[in-house]
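Asks: Chain order of the listed sequences is A and B.
Heads up, the first sequence is in my numbering, so the first residue is 1 and it goes up one at a time.
Heads up, the second sequence is in my numbering, so the first residue is 1001 and it goes up one at a time.
Just so you know, the hints here were simulated from the structure itself, not pulled from any lab data.
In this text, all values refer to a predicted model and were calculated from it rather than measured experimentally.
Mixed in with the good hints, there may be bad ones.
[Stated by the list, open to error] The calculated BS3-like cross-link candidates involving lysine-lysine, where the alpha carbons are at most 25 angstroms apart (straight line), are:
#1 B:Lys-1126 x B:Lys-1106
#2 B:Lys-1035 x A:Lys-93
#3 A:Lys-4 x A:Lys-59
#4 A:Lys-93 x A:Lys-82
#5 B:Lys-1030 x A:Lys-95
#6 A:Lys-82 x A:Lys-4
#7 B:Lys-1106 x A:Lys-95
#8 B:Lys-1035 x B:Lys-1106
#9 A:Lys-9 x A:Lys-93
#10 B:Lys-1093 x B:Lys-1044
#11 B:Lys-1035 x A:Lys-55
#12 B:Lys-1035 x A:Lys-59
#13 A:Lys-60 x A:Lys-9
#14 A:Lys-4 x A:Lys-55
#15 A:Lys-64 x A:Lys-93
[Said to hold, decoys possible] If you want a taste of the chain A side facing chain B, the calculated C-beta under 8 angstroms gives, among others:
#16 Val-18
#17 Arg-20
#18 Glu-23
#19 Ile-27
#20 Val-29
#21 Pro-30
#22 Ile-35
#23 Ala-38
#24 Glu-39
#25 Leu-92
#26 Ile-98
#27 Glu-99
#28 Pro-101
Ideal placement from N, C-alpha and C gives every residue a C-beta, glycine not left out.
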Amino acid sequence: MKAKVHVNKSYVHSEDVVAREIEGELIIVPLVSGIGDAEDELFTLNETGRAIWEKLDGKKTLKKVIEELSEGFEAPAGQIEKDVAGLVEELLKRKMLIESPSP
Amino acid sequence: MNPQVPRSTCLGRKGEGLFLSGTVLLELLKAVLEKGVPFRFQAKGFSMSPFIRDGDVVTVSPSFDGTPHLGDVVAVIQPETGRLIIHRVVRGKGSSYVTRGDNIAKEDGLVSVEDILGFVTKVERKGERVVVGFGPERILIAILSRCGLLTPLLLPMRKLSSIF
């Protein structure tokens, strides 16, 4: 099932994940039923994914995140928007990200 | 035990079947335990055989009261090497402890309570829970281990288990 992603909303890392930068790589461990289970699934993010992840602070809207990323990456805005939406959708689906409550 | 973790395909395009290095596993274990939740991963090595075997899946839980007891199996950072090991507490000396692998001929040396990251609370082998070695008998195992009697006692059992 596809999670709905809105550019005017803010998203924040779920409490049910542990993310740690180790040896230059961001590794994310989902906490499933209160356990960090390396036998289940571990995730890493590539450079773009990591840049997106770090900007998802629950305060900035996705629109703002895309704007900021456009300044840092030499890529068409449309491509960045697609990457952000795709990753956010995937993270929402896996409950690694939650929609931030409206202020 | 030198624990290792299989790394799955992920959002960042990692291939399946990769294994994390000891350093990566140590950092992940610390990060998860700091959150106050257990961490489950595959152990690698033979130092705790036969109670924890190569490939068994262990669950390490945070040390809430911070006090290890004789016979507890703990995840500890070896002070000399900085490596993560999973060994049994065989004696206490004040606020320090001596650990030893059940299948190792010598003790690891003193570790402080701060070096102990957590306790092994569950061991699984081929999907089944391993109970022997983690109940009240753990105290006897620790005493035998520190007296150097555990390895000779386990040797005939190993031979028998290889026959059957």
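Asks: Honestly, which of those hints from before does the structure not fit?
Replies: 1, 7, 8, 10, 21, 25, 26, 27, 28
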